[in-house]
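Asks: With these hints in hand, go ahead and build the complete structure from the sequences.
There are 4 protein chains.
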Amino acid sequence: MDAFSSVLNKIHVPKHFERDNDAMSDLNTLLDNNKAWAAKITQSNPTFFSELSKQQSPDFLWIGCSDSRVAAEQLVGLQPGEIFVHRNIANVVTPTDINCLSVVQFAVEALKVKHIIVCGHYGCGGVKASMESQEHGLIDHWLGHIKAVHQKYEQQISDLEDETQRLNRLCELNVLEQVRNICHTPVVQRAWRNNKELTVHGCIYGLENGILHDLNVPIHQMNQVDDIYQVRENGNPVY
Amino acid sequence: MDAFSSVLNKIHVPKHFERDNDAMSDLNTLLDNNKAWAAKITQSNPTFFSELSKQQSPDFLWIGCSDSRVAAEQLVGLQPGEIFVHRNIANVVTPTDINCLSVVQFAVEALKVKHIIVCGHYGCGGVKASMESQEHGLIDHWLGHIKAVHQKYEQQISDLEDETQRLNRLCELNVLEQVRNICHTPVVQRAWRNNKELTVHGCIYGLENGILHDLNVPIHQMNQVDDIYQVRENGNPVY
Amino acid sequence: MDAFSSVLNKIHVPKHFERDNDAMSDLNTLLDNNKAWAAKITQSNPTFFSELSKQQSPDFLWIGCSDSRVAAEQLVGLQPGEIFVHRNIANVVTPTDINCLSVVQFAVEALKVKHIIVCGHYGCGGVKASMESQEHGLIDHWLGHIKAVHQKYEQQISDLEDETQRLNRLCELNVLEQVRNICHTPVVQRAWRNNKELTVHGCIYGLENGILHDLNVPIHQMNQVDDIYQVRENGNPVY
Amino acid sequence: MDAFSSVLNKIHVPKHFERDNDAMSDLNTLLDNNKAWAAKITQSNPTFFSELSKQQSPDFLWIGCSDSRVAAEQLVGLQPGEIFVHRNIANVVTPTDINCLSVVQFAVEALKVKHIIVCGHYGCGGVKASMESQEHGLIDHWLGHIKAVHQKYEQQISDLEDETQRLNRLCELNVLEQVRNICHTPVVQRAWRNNKELTVHGCIYGLENGILHDLNVPIHQMNQVDDIYQVRENGNPVY
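Protein chains in written order, with the numbering used here: chain Y, -6 to 232; chain U, -6 to 232; chain W, -6 to 232; chain Z, -6 to 232.
Any given hint could be a false lead.
Unchecked claim - For lysine-lysine, the following DSS-like pairs were computed, each having C-alpha atoms within a straight-line distance of at most 30 Å:
id, chain 1, residue 1, chain 2, residue 2
1, Y, Lys105, Y, Lys47
2, W, Lys140, Y, Lys189
3, Y, Lys189, Y, Lys47
4, Y, Lys33, U, Lys107
5, Z, Lys121, Z, Lys145
6, Z, Lys28, W, Lys33
7, W, Lys140, Y, Lys140
8, W, Lys28, Z, Lys107
9, Y, Lys28, Y, Lys47
10, U, Lys105, Y, Lys121
11, W, Lys33, Z, Lys107
12, Y, Lys189, U, Lys121
13, U, Lys140, Y, Lys105
14, U, Lys107, U, Lys189
15, Z, Lys105, U, Lys140
16, Z, Lys47, W, Lys145
Just so you know, these hints were derived from the structure itself, not from any lab.
Replies: Laid out in structure tokens, this is it:
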């Protein structure tokens, strides 16, 4: 009996957990896959996991879409330990989302990543839903942030003749705006004021060919940020 | 020139983007990796991406930690298209986090996933930080949700003699509580009221051996939920 | 002993509560004021409280600044029961702030208010802080939403010669944008689709003279909203 | 023409604003009330507004319910300038609600208030809704925080025989828990570490008699807080 199960059997579960056999067989496939994967890695590199368990030191933070087809680590060929990851609907970054902001703070201040990659993808279902005139439920609040991007570039988007082009343009512009939003956060600006090396990139992934494109909009220093958003002085100690 | 670049050159970038050569070479490694990965897949299955680009239909939603060592798809051996993913600091689910809730809604209502897996991991840096008596900045607000789990199980945790055991027990209990939190959401309960098949699982990953453990706490129907949280009637049509 | 205290003494308070005498005397002043106020009202209208306790049916929702000088009910001469109130820093409304959105939903759908008033004020400390290039702490995230308003109207504001004028213009424009943000919410649009009478107003208060100005930007129907934000169809029943 | 209107007419309103005469007459009543109120104050104290416009220095922060019947300043007999106010549904404070947390930070660090009063009220509609097994829409997410209080004190509440008693007990316990939640925030703990005088009080208001009760649960120093939540060391300078 391993350390894990000795701990587990002390969890006091107040309601009985009935097993649904079909559900369990689905999960068991994943657990079996995992055992095979771990065994294969351990065979080729017996100390891989034990070394990695001591510390992570990724150079990259990935902020991407939850879409199952945009599998972060796989598509950039990185190993466990190499990229810190936040994924949400349509890779949105807002000024007051503590979920995403906590990830950014941990990545920048604790792990000292050198790159933040915002990765969108063409044909994004979240972006598409934001362009529809139909209710979708709770998610419509979240999509409000993408509608704001749409409104900012309304002319540029409506000039495109084709619906797919308009969707894909908004997917790109959404990445551009989220890159900027990250650069407006106190965490990123503080890193720059303290002369840390940190670049925020925007990329977009093509579902139909598996290719990741750099949007070529890197931001790595304060003077690339709109004056309104530049915070140039550290706060008073009482804050 | 592909469709992508014809679109890209129309983005009006108000500030010049200077290239930082080192930063770019790091990103270029990822872009090169990506080209090789896409080529390899296309070679073995020429229609893989074009088929997949039409639709995603994953059976699973993964809610895991942003930690770079807990690479969701890789460790359960799933391919692009098979698992929808949300990752944040310490795999926390709160009643009012629209970021995470929007992912859950999209996964359950639009994609009709059958399983939600909350995956924690031993030695989690976020959980560890929540146990320290030191300020960490913005993230301390996020960690407040883990402190609430700690307080709920204070006796059980303090009974453990070893600091690592206490940390790992809290990592497990945090998963258990987040499984419950998901089951308290209106989206999941609505799915159950509408007789959708949906199971929420709790798992925990061992960094030191690469093994994913099922915590055996599946919840798949309303009567497994504490009475206080059971919402049994659909809302009034005006809502 | 009244019903209240019989209930109170059953609260199990795990830590002892030491009384700080100065702090208590300050609070006691408020409690004394309250007794005098309640007695005065009851004297002139013996059933005022008992009638009001049965139900509230305000016609107005006020979304204003937390500033102590902008005392909502007092400055519009309304009695308890007449106006539902949300107050935050700089009367900001964002698409994903469940705090404010819950207030709006309750006011519109449960209380069926006919008017929502967004009230800003000149010389607002929150708006002022958003225009500074200095760190202020957690609040800087919140102020990011005001910076976005500033950026949208950058030219119009920078054209003003005087710093106070620029601040006050941004105070006004902030109200205008928050009026629109409310009109972009699913709750308000659903009310309009269901032919409910609901008008959103923008007002601004002058601290230096106590006068409330109507900004004359009422929105009371869908076609006053930018097309991008119009949601014209109710959701699919599964949502 | 005053300074205000000269500014106003430069707002570029992209959609025409049609006037709805009934809606306007309702608002006009409030504007007329305001003129009368300001005139009355100015008559008795000609410099009241001009003095007050220079600076606010309230001693109190009020965190109360949006309920129209719990009119903060009025019921404690305070004048404009004396109490900073945040009001939301059921006076809830959560660890990650930047709306409320920004108010607390501004009040404590910029205004240096000495007291924070969490004020609930008996018969609270938000607390009541949290006890129902019926969907209410978006607000159900917000109410999840009250259900957590209910669950924590499940036995104590279910022991009460009467439904109204159970509701009112939860109204009280909700105040108690929100008082604690405020004391768990980094802002309040930092104030204490820096030897600032700051007391957090819990009060509850009786709609049926207009009386405000002190729940006698003041917290004014770190050692009254559960150990798990005590943060005793300032952060590392890079944070």
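Asks: So which of those numbered hints doesn't the model satisfy?
Replies: none
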